Amino acid sequence: MMAIVGWSTGAGLQLWPALAITTAFAILAWLIKGVNRSGTVAGAVVSFLLLRSAGLGAFAVLVSVFALTWISTRFGYARKLHRGTAEKSNGRNGFQVLANLGIATSCVALFAITDRQVFLLACVAALAEAAADTVSSEYGQATSDTALLITTLERVPAGTDGGISMGGTVAGIIAAIVVSFVALVAGLLAWRWLWVSATAAVVGMLADSLLGASLERKHVLGNDAVNLLGTLISALLAAGLFMFLNQVF
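The sequence shown lines up with residues 54 to 302 when you count with the working numbering.
Calculated directly from the structure, the hints in this document are not laboratory data.
Given the structure is predicted, the values throughout are model-derived calculations rather than measurements.
Each residue gets a CB set at the ideal place from its N, CA and C atoms; glycine is no exception.
It is possible that some hints are incorrect.
[As the list claims (entries may be wrong)] For lysine-lysine, the following DSBU-like pairs were computed, each having C-alpha atoms within a straight-line distance of at most 30 Å:
id, residue 1, residue 2
1, K86, K133
2, K141, K271
3, K141, K86
4, K133, K271
[As the list claims (entries may be wrong)] With beta-carbon atoms standing in for the labels, derived distance ranges:
id, residue 1, residue 2, range
5, L206, A77, 42 to 50 Å
6, R169, A131, 41 to 49 Å
7, G137, R169, 43 to 51 Å
8, L289, G220, 27 to 35 Å
9, T76, N299, 33 to 41 Å
10, E207, R169, 37 to 45 Å
11, L134, A77, 28 to 36 Å
12, W69, H135, 40 to 48 Å
13, E207, G275, 16 to 24 Å
14, R132, I80, 29 to 37 Å
Input sequences plus hints: build the corresponding full structure.
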């Protein structure tokens with residue numbers, strides 16, 4: 054089995070099948086209010102590029118990210134709505150989609166151009182971080198009234214930028230592992246790289262919280278910029294570990 058012994062070739066899908074799958078996925082995401090109109094367009098672009106660059110395996114990973122974030126966003130929605138931290142009911146917009154998925158899309162495009170497997174690992178790590186960050190935040194807000202500011206451990210209201218909770222953090226770690234495992238089953242990762250993807254995703258998730266507590270709270274960066282940087286950190290860390298481990302072993 055390719056996922057166990059090595060890397061998948063990540064062969065891209067042909068144009069028309071990729072367009073058909075992209076269209077169906079985009080419409081479904083819009084119908085269940087996972088994204089609004091601009092988010093639908095942005096998501097369609099991401100989906101199409103993943104399918105064309107790395108095939109159905111990469112698309113399966115994207116679907117797992119969407120499913121995890123959609124479920125976690127709606128988990129405890131009434132409580133989050135009462136607190137004022139719930140996401141808009143019409144779904145994510147285009148900027149939010151690109152902030153979360155733009156780095157992964159860039160990585161998979163580089164993989165298609167260069168056929169260097171490091172970019173495929175970086176793509177999966179970035180996708181895993183996007184899922185981990187959303188799941189940790191949404192689950193934490195749904196299950197706890199307070200959080201700890203990651204920089205000072207000060208107790209703050211749930212939903213505060215840079216606030217973390219034990220339950221949310223554990224949920225985020227699980228999400229990172231799930232997405233990485235989907236990539237393994239889909240043939241994008243070998244067993245030896247699953248932990249690299251998941252670890253890089255968790256580090257990116259925590260870095261996102263650090264940026265939120267330091268720069269977002271001071272209005273130096275917006276939430277979309279922080280999310281983008283979180284996925285970038287995960288992608289760079291995964292790529293760095295890939296190159297280091299290949300040299301050592």
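Taking the hints in turn, this is what the structure says about them:
About 17 Å separates the Cα atoms of K86 and K133, which keeps this hinted pair within 30 Å; it holds. Under the criterion of a C-alpha separation no larger than 30 Å, the hint pairing K141 with K271 is consistent with the structure, at around 23 Å. With a CA separation close to 9 Å, the supplied pair K141 and K86 stays within the 30 Å bound. For the hint pairing K133 with K271, the CA-to-CA distance comes to about 23 Å; that is within 30 Å, so the pair holds.
A C-beta distance of roughly 46 Å is found between L206 and A77, which places it inside the suggested range of 42 to 50 Å. Under the hint 41 to 49 Å, the C-beta atoms of R169 and A131, about 47 Å apart, fit the expected range. For G137 and R169, the Cβ-Cβ distance of about 45 Å falls inside the hinted range of 43 to 51 Å, so the restraint holds. Taken as a hint, the range 27 to 35 Å holds for the pair L289 and G220, whose Cβ atoms sit roughly 28 Å apart.
The given range of 33 to 41 Å is respected by T76 and N299, whose C-beta atoms sit roughly 39 Å from each other. Between E207 and R169 the C-beta distance comes to about 43 Å, which sits within the given range of 37 to 45 Å. Judged by the Cβ atoms, the range 28 to 36 Å given for L134 and A77 holds: they are separated by roughly 30 Å. In this structure, W69 and H135 meet the distance hint of 40 to 48 Å, their C-beta atoms being roughly 47 Å apart.
E207 and G275 have their C-beta atoms about 23 Å apart, which keeps the hinted 16 to 24 Å range intact. Restraint check, R132 to I80: a C-beta distance of roughly 30 Å satisfies the suggested window 29 to 37 Å.
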